Amino acid sequence: MSVHQLEAAFARAAEEGRKALMPFLMSGHPANAAFESNLEAAGAIADVIEVGVPFSDPLADGPVIQAAAAQALAGGTTLAKTLDVLQRRRPGPPVVLMLSFNQVLAGGVERFVARAANAGVSGAIIPDLPFEEQGDLRELFASRDIALIPMLAPTTNEARMRAILERAQGFVYLISVAGVTGARDAYPAGTIDYIRKAQSLSPVPVCVGFGISKPAHIEKLYEHAEGFIVGSALVRGLERGESVARILKPLRAACDAALATGTQS
Amino acid sequence: MTTTIKTRGRFGVYGGQYVPETLIANLHELEQAFEAASADEEFQSELRAILKDFVGRSTPLYPAERIGADWGGRVILKREDLTHTGAHKINNAVGQVLLARRLGKTRIVAETGAGQHGVATAAACARAGLECVVYMGALDCERQRPNVERMNLLGAEVIPCEAGSRNLKIAINEAIRDWISNPGDTHYLIGSVVGPHPYPTIVREFQSVIGREAREQYLEREGELPDAVIACVGGGSNAMGMFAGFLEDDVELHGVEAGGNGEIHAAPLNSGSPGVLHGAMQYLLQDGEGQILNTHSIAAGLDYPGVGPEHSALRDSGRAQYHVVGDDEALDAFRALSRREGIIPAVESSHALAFAKRLLGERPGLNVIVNLSGRGDKDLPSLMERGLL
Ligand SMILES: Cc1ncc(COP(=O)(O)O)c(C=O)c1O
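Chains as they are written, first to last, in my numbering: chain A, 1 to 265; chain B, 266 to 654.
One should not assume that every hint holds.
[As the list claims (entries may be wrong)] From the structure, some residues in chain A lie toward chain B, with a derived Cβ separation under 10 Å:
{"#": "1", "residue": "GLN66"}
{"#": "2", "residue": "PRO130"}
{"#": "3", "residue": "ALA153"}
{"#": "4", "residue": "ILE164"}
[To be verified] If the Cβ cut is set under 10 Å, some of the chain A residues that face chain B in the computed set are:
{"#": "5", "residue": "PRO30"}
{"#": "6", "residue": "ALA31"}
{"#": "7", "residue": "GLU36"}
{"#": "8", "residue": "PHE55"}
{"#": "9", "residue": "VAL64"}
{"#": "10", "residue": "ASN157"}
{"#": "11", "residue": "ARG160"}
{"#": "12", "residue": "ALA178"}
{"#": "13", "residue": "LEU201"}
[Said to hold, decoys possible] Negatives, chain A to chain B, calculated, CB over 12 Å:
{"#": "14", "residue": "ARG89"}
{"#": "15", "residue": "SER200"}
{"#": "16", "residue": "GLU219"}
Treat the hints as calculated values from the structure; they're not laboratory data. Small disclaimer: the values here were computed from a predicted structure and weren't measured. Virtual Cβ for every residue (Gly too), placed ideally from N, Cα, C.
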């Protein structure tokens, strides 16, 4: 796996006239074995899979993902175990890791990149490593063919957006609203303008995350993004004992629905 | 040694802005406002007036002669316990409230451990007519109950944080999440020299009044400088404020971390390693996977696994030395100052006092300034209930 697989996954979705669906699973949640089977189940539905490595103090996460991380940590989940699972999984969609910078630093960044590459990871989302702090880490990740996924927020001004997007690899992660991860009923005014602006400037696919929990969200933002990230809604469904397939099915349908609903631009 | 804001908040390799993208705009805006305010004579004179008439500065520099005689040297106390609301935290709170007003913010969020920063922030907000929300670990709400009551009375909303260790670290997590969710109208009024740039610099500057006053007062009284200054280190704001006055002098700088019960502690500069927490590179208590470890200290205000980036740099350079004092040794000093000087210190400040005793035991005759960062009223109910006094 590599950044090329990531690009290919988006290209395939675009060719087939649909949007990429990127579900988020927390490693080791709700338990280690369940995570492995959920990963496989998600593989049959998703274009890209985001795998969270639980951290003790995640700043950008709301209550649902915090609780999942705490549960996974209590169950003994580690980065090493997560990478083992990824390494032995059956071939499936590309995987992007989501974790905090201190987890990357702890064993040394170079070692992290090498281990992630060996496990077939295509990209890394590190929410507390903003553009200015990335320095030459982008190149270090790229040297092992892993995309350091850039993030944009509604508070990012245009000049900064341009600077970030100029160096973007893989895809760009648009934080939909100022806030932490978690389901929302509606998006504030201005959300679409911000997403549209990013899409017009971005050389890589634009994926929207934070709060995407129902088909209506995807329908509303459909033409402005190339992919949708579903985190808390999936984690919460799993907590309730629902299956990955059941939770993702309507969201998958919304991502595929371009022609059917006529909302494609 | 101490860098200026011009180096974008790095103290050697420490500091930085390791925060989610959503907050970057706020940090830039805050940095600009702080730079402008620093150069604005009107802002500075308003701050001076508040420090004088609301906070009650300057605070006395008091020779604690009986305790000095007991311990074998001269112990001079910088009386931050005599400020309005009872701890040094108010120096920073009033300064940042002025900055928040300059930024047009209407809502303040803060974290608090001992509750002193929460009370100071609540008081500063009441005075300025700003909405105030304080996050406090549920454990700390229990052990610093008088401060919860004070915050409520001052009109602040106190939100107990039940997650994980239920202490200061958790309160900071929640305050940052609140800020991420409300970046437009809200200012995060952080209470120590921690967090992303420009906070460690801003808080140091607002607290440096401690060291400036102490140096001047000591020189005036003694005609020379002390041998050493001593302060407890939680996040490190009272220590940094004191050290700031003496960094360029031939004066020893001693910071004192919490040794807890020996097994579990809160002493990252002594037992931790560099990493990133709450937006900054710093010394941390962490495991091999980068997970933050649990801490313990009898002092809620010291019960934190990280420490300010500038202290991290001062430790590496050797300009300051950092020591460890445990719960019991701190409580001994708490009782001693109460009995021998008629001053009830905060249990946080008692860690600095205990180290002064140790230092004078090893090197009798030294002249030391101890930063008495706060008063101990807040600690009495909980310490009494547990039979510790
Ligand atoms: C009286 C007192 N001293 C010291 C501290 C520790 O904080 P810092 O290290 O930032 O001075 C606190 C924190 O709550 C406090 O209340």
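Tested hints:
1. GLN66: Holds - the Cβ of A:GLN66 comes within 10 Å of chain B, reaching about 7 Å at its closest.
2. PRO130: At 5 Å from the nearest chain B Cβ, A:PRO130 passes the 10 Å test, so the hint holds.
3. ALA153: 4 Å, holds
4. ILE164: Check passed: Cβ of A:ILE164 comes within 8 Å of chain B, closer than 10 Å.
5. PRO30: Violated - the Cβ of A:PRO30 stays beyond 10 Å from chain B, reaching only about 18 Å at its closest.
6. ALA31: At 19 Å from the nearest chain B Cβ, A:ALA31 fails the 10 Å test, so the hint is violated.
7. GLU36: 20 Å, violated
8. PHE55: Hint holds; A:PHE55 Cβ to chain B Cβ min 7 Å, cut 10 Å.
9. VAL64: 13 Å, violated
10. ASN157: OK, holds: A:ASN157 within 10 Å of chain B, min 7 Å.
11. ARG160: The hint holds - A:ARG160 has a Cβ within 10 Å of chain B, the shortest such distance being about 7 Å.
12. ALA178: 5 Å, holds
13. LEU201: At 15 Å from the nearest chain B Cβ, A:LEU201 fails the 10 Å test, so the hint is violated.
14. ARG89: 21 Å, holds
15. SER200: Given a closest Cβ separation of 19 Å, the condition holds.
16. GLU219: 25 Å, holds
In summary, the numbered hints that this structure violates are 5, 6, 7, 9, 13.
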